[in-house]
Amino acid sequence: MTATPTDDDVPCNSLALRKAARYLGATYDKALAPVGLRGTQFSILQKLSVLGEMTITGLADVIAMDRTTMASNLKPLVREGLVSVEPSPADRRARIVTLTPDGLSRVKAALPLWREVQTRFEESFGGTEAAQLRSALEAVLRTGFTPWAE
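Numbered according to my numbering, the sequence shown terminates at residue 150, and the numbering increases by one at each position without gaps.
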């Protein structure tokens, strides 16, 4: 008996992206485990180390995450003293996220581990291909969808 094609047989962009993200994300998580960070946490701390203090909303935009999820991701970083979250002096409704000295130390400790897995990925996948992948993924963010409430 031959199966009838269904929507399930159509390649799904979301599934392909999520599978690759889980696979690569777990690889980065494993590499960063010795310094007690997950890949998402490293990305947050690294962005703060480069960009300086920002609002939760601004940081969420930079990471491409909704504000509520960003606030949840910040909680363990605050508990560990790696970031502080305080009301903005200019707008008491806004919350400012700042990298602490301990957070900067953790980023510095994690950076060689991140670089190692980054290099291993590019050696395996190809440097040109990795750059093309990043470019294609950035283009996904410009497709015009509005996944989070505005």
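Be a bit skeptical, because a hint or two may be false.
[What the hints assert, rightly or not] Quick list of in silico lysine-lysine cross-link-like pairs, DSS-like style, CA-CA up to 30 angstroms: (1) LYS19 x LYS30; (2) LYS75 x LYS30; (3) LYS75 x LYS47; (4) LYS75 x LYS19; (5) LYS108 x LYS30.
Keep in mind the hints are simulated off the structure, nothing from the lab.
In this text, all values refer to a predicted model and were calculated from it rather than measured experimentally.
Okay, the hints, checked on the actual structure:
1. LYS19 x LYS30: holds, 17 angstroms
2. LYS75 x LYS30: holds, 21 angstroms
3. LYS75 x LYS47: holds, 17 angstroms
4. LYS75 x LYS19: Between LYS75 and LYS19 the Cα gap is close to 27 angstroms, so the pair holds against 30 angstroms.
5. LYS108 x LYS30: holds, 17 angstroms
The structure shown violates none of the earlier numbered hints.
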